[in-house]
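Chemist: Chain by chain, the residues:
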Amino acid sequence: MTTETTNSRAEQSFREWLLSETPSSRRHARLAAAYKGWLRLRRNHMAMFGLGILVALVIIAAIAPWLAPYDPYAQVLSDRLLPIGSEGHLLGTDSLGRDILSRLIYGSRITLYIVTLVALIAPVAGLMVGTIAGYVGGWTDTILMRITDIFLAFPKLVLALAFVAALGAGIENAVLAISLTAWPPYARLARAETLTIRSSDFISAIRLQGAGPVRIITRHIWPLCISSLIVRVTLDMAGIILTAAGLGFLGLGAQPPSPEWGAMISEGRRFLLDHWWVATIPGLAIFTVSLAFNLLGDGLRDVLDPKDGKS
Amino acid sequence: MKSLSVRNLNVWFGEGPDRVDAVKAASFDVASGGSFGLVGESGSGKSTILRAITGLVPTWSGDIEIDGDHVLPKRGRAFYKMLQMVFQDPYASLHPRHSVDQVLSETLQLHGFKDIDTRVNRLLDDVGLGAAFRFRYPHQLSGGQRQRVAIARALAPEPEILLLDEPTSALDVSVQAEILNLLSDLRTEHKLTFVMVSHDLSVVGHMCDNVAVMRDGEVVEVLGIEKMRRMEPDNAYTKHLLDVSLNYASS
Amino acid sequence: MNLLDVEDLWVRFPTSSGVFDAVRGISFSLGRERLGIVGESGSGKSMTGRAILQLIRPPGRIEAKRIDLQGKPLLNASDKEMRAVRGSRISMVMQDPKFSLNPVMTVGDQIIEAYRLHNKASRRDARARAIEMLEAVSIRNPERVLRAYPHEVSGGMGQRIMIAMMMIPNPQILIADEPTSALDVSVQGQVLGIMNQLVQDRGMGLIFISHDLNLVAEFCDRVLIMYAGRIVEVCEADKLHEAKHPYTQGLLNSLPRLDEPKDRLEALVRDPEWRQQPSVSGLL
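Protein chains in written order, with this note's numbering: chain A, 62 to 372; chain B, 564 to 814; chain C, 265 to 548.
Everything labelled a hint here was simulated from the structure, so no lab data went into it.
Some hints could be false.
25 Å max Cα-Cα, derived PhoX-like pairs, lysine-lysine [stated by the list, open to error]:
| id | chain 1 | residue 1 | chain 2 | residue 2 |
| --- | --- | --- | --- | --- |
| 1 | B | K587 | B | K637 |
| 2 | C | K384 | C | K344 |
| 3 | C | K526 | B | K790 |
| 4 | B | K802 | C | K526 |
| 5 | B | K587 | B | K802 |
| 6 | C | K344 | C | K329 |
| 7 | C | K526 | B | K754 |
| 8 | C | K526 | C | K503 |
| 9 | B | K565 | B | K754 |
Given these sequences and hints, build the entire structure.
Modeler: Written as structure tokens, this is what we have:
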């Protein structure tokens with residue numbers, strides 16, 4: 062009882078320390094700002110729901126070998142196409158008698174791998190192109206933006222298909238292809254933000270301290286662009302997962318027997334009428350994760366929007 | 564202390580048929596250690612002159628001299644160590660994601676100072692904020708406190724000339740008094756030369772020794788503050804401006 | 265009868281750290297006069313103006329004993345009734361005309377639409393009335409201004425257009441929230457002159473909200489001085505310079521003056537006591 066009260070008192074004072082309006086060190090200030098953002102995100106129940114799903118996904122991917130009841134590649138041809146709820150196979154088996162639940166669990170690793178790589182490549186490329194074009198202006202702007210327009214003019218999936226066809230099928234190439242098609246919207250967004258930021262007084266002020274363009278772009282413009290990019294990425298994540306699944310479905314992404322969700326749907330397509338669960342279960346998984354990213358993105362927009370910073 | 568001299572300054576925006584001449588052949592001198600005011604209505608080009616001096620507007624012609632040395636179109640860090648500017652709107656002149664500490668440290672770092680920690684604290688003391696404000700973000704500060712941070716930033720490189728672009732027009736009158744007092748104190752302590760832009764004649768009258776009155780990009784009159792107080796300007800427009808600012812209803 | 269009576273008005277905003285009271289229990293009336301409300305930012309002066317028209321957005325709340333427009337209660341009026349009051353009986357002019365005019369409609373279309381919203385009139389009649397009003401606010405070639413888009417007119421012209429628009433339905437009360445703060449001094453005089461004349465000719469009541477003490481002292485009949493959501497002092501405008509409350513005196517002394525040079529301005533020292541003092545009644 063006594064330890065509990067001291068604990069809660071320590072917690073209380075830690076909370077107060079975090080919410081202090083007069084931070085005493087750099088670390089304190091940063092922690093306090095992060096904590097306040099977290100509090101605001103926590104008020105949005107839907108976003109917390111999305112975040113919960115994503116955290117669960119990461120945990121599942123991390124402990125997949127301990128969680129999965131079977132080897133995802135083990136074929137038991139005598140147990141083909143068992144329905145949902147069969148003994149020992151909670152989500153049934155596919156056409157080669159592989160346990161769908163196990164494949165789903167291992168597949169989460171591939172999904173996370175794709176999502177992480179694309180989320181690292183596309184927005185960063187877009188941020189660089191967009192901020193440079195926006196800040197430098199003139200010819201640089203024209204050339205970079207026309208290149209962006211060319212990429213934007215193609216339908217995404219068709220362009221990705223062309224890239225994969227040229228580079229060869231496989232999960233790495235699929236990631237690369239998706240990233241190559243995904244960066245132009247980020248470049249546009251970053252450029253638009255840069256144009257408004259560029260003319261503001263605080264940029265003039267740092268120019269008057271003799272700061273060069275590289276410092277201004279990386280230290281002063283990026284931090285303001287990044288929040289809207291993060292929001293955009295989380296909202297786009299659903300599309301990225303679907304494109305990856307689409308490539309998998311068309312046989313240009315992950316190759317069998319890999320348990321990539323899109324490839325799983327593709328395999329299950331043949332039995333859709335008689336054995337609906339083979340394609341539907343991975344479809345539901347894609348749907349859930351996409352929805353989670355969308356919900357989180359919506360919540361992050363409220364937390365990160367720099368225009369809201371005044372409140 | 565440095566003196567500043569502007570000769571025949573032209574500033575324009577745009578090219579060809581879109582060209583707008585914002586400042587036309589403006590000339591004035593600011594004595595070393597003096598305090599000079601630029602007044603006029605909006606669009607008269609008074610702020611544009613400051614932006615041309617600092618190099619924020621690259622399209623200008625004419626002569627700008629500091630202590631007899633010509634200012635070159637490309638200004639280096641040495642120039643910005645000598646001349647600094649405080650902006651009008653303290654809500655727009657601080658980076659929303661940078662704490663006071665980041666703002667001041669980065670400025671000091673850019674100018675090659677080594678003892679950054681002690682200097683940040685000293686700057687905060689100088690502008691009457693104190694170390695308690697060091698790790699706050701702009702949204703945790705009031706308008707007056709923000710403007711103090713902006714002044715501290717301008718003082719960080721230890722400049723000799725300070726350009727003030729309507730430093731109090733976004734603030735309440737009681738805060739304005741505090742900031743104007745602070746600026747007067749800093750001017751004596753740090754031996755600064757001031758060039759102050761304002762639309763408020765009484766503010767300029769309080770702060771400056773000499774005033775240039777601007778209209779449509781031209782300097783119509785340069786006069787001493789005593790002459791202005793006695794309401795004896797030579798120019799009719801100056802007279803009109805004095806009349807309306809002393810008496811709102813009569814116009 | 266007074267045009268407006270407000271008693272014990274509160275404007276409250278719930279925040280994460282408790283309820284913030286922007287206006288804390290103020291009472292005042294408006295006769296056929298020019299009533300000034302002065303204060304610094306955060307004093308609640310703009311909130312007072314908006315609260316009268318119930319323009320406080322949720323989660324903000326308005327509470328009052330009564331808000332009576334010519335003896336009729338306004339406080340619990342429905343949205344529909346309030347819409348009828350806004351514009352036709354009480355009008356409001358905001359600080360910056362740039363943000364109050366629709367940028368993609370011509371000035372003429374906006375004025376005509378505003379007129380036809382409150383009156384059954386043909387377009388032609390509305391147009392004639394619009395021209396009449398623009399002339400009343402000293403716009404010399406109203407035909408040209410009617411065809412112009414808001415970005416094509418200057419700040420002073422824009423504000424005069426706003427005033428013209430607000431005057432068309434013949435309101436009994438005009439609330440002007442810092443109507444001249446975005447304007448140059450010389451234009452400021454013109455706009456004030458026009459407002460003054462309209463108010464006097466039509467026997468209207470004017471609530472003039474401003475941060476500028478000298479302006480209010482010259483322009484208004486009676487002044488309420490607000491501090492931290494309360495009225496600290498009520499006085500006749502021409503006696504403002506003899507104000508008794510230390511806050512009012514402090515504000516006046518902190519202004520630099522061209523005719524009385526001094527080395528240092530007096531900085532206002534805020535007494536925490538001022539926040540606690542009861543609100544002074546501005547009822548007539």
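Chemist: Each hint needs a verdict: does it hold in this structure or not?
Modeler: Going down the list of hints, with the structure as the test:
no.	hint	in the structure
1	K587/B x K637/B	holds (22 Å)
2	K384/C x K344/C	holds (18 Å)
3	K526/C x K790/B	holds (16 Å)
4	K802/B x K526/C	holds (23 Å)
5	K587/B x K802/B	holds (21 Å)
6	K344/C x K329/C	holds (22 Å)
7	K526/C x K754/B	holds (20 Å)
8	K526/C x K503/C	holds (23 Å)
9	K565/B x K754/B	holds (9 Å)
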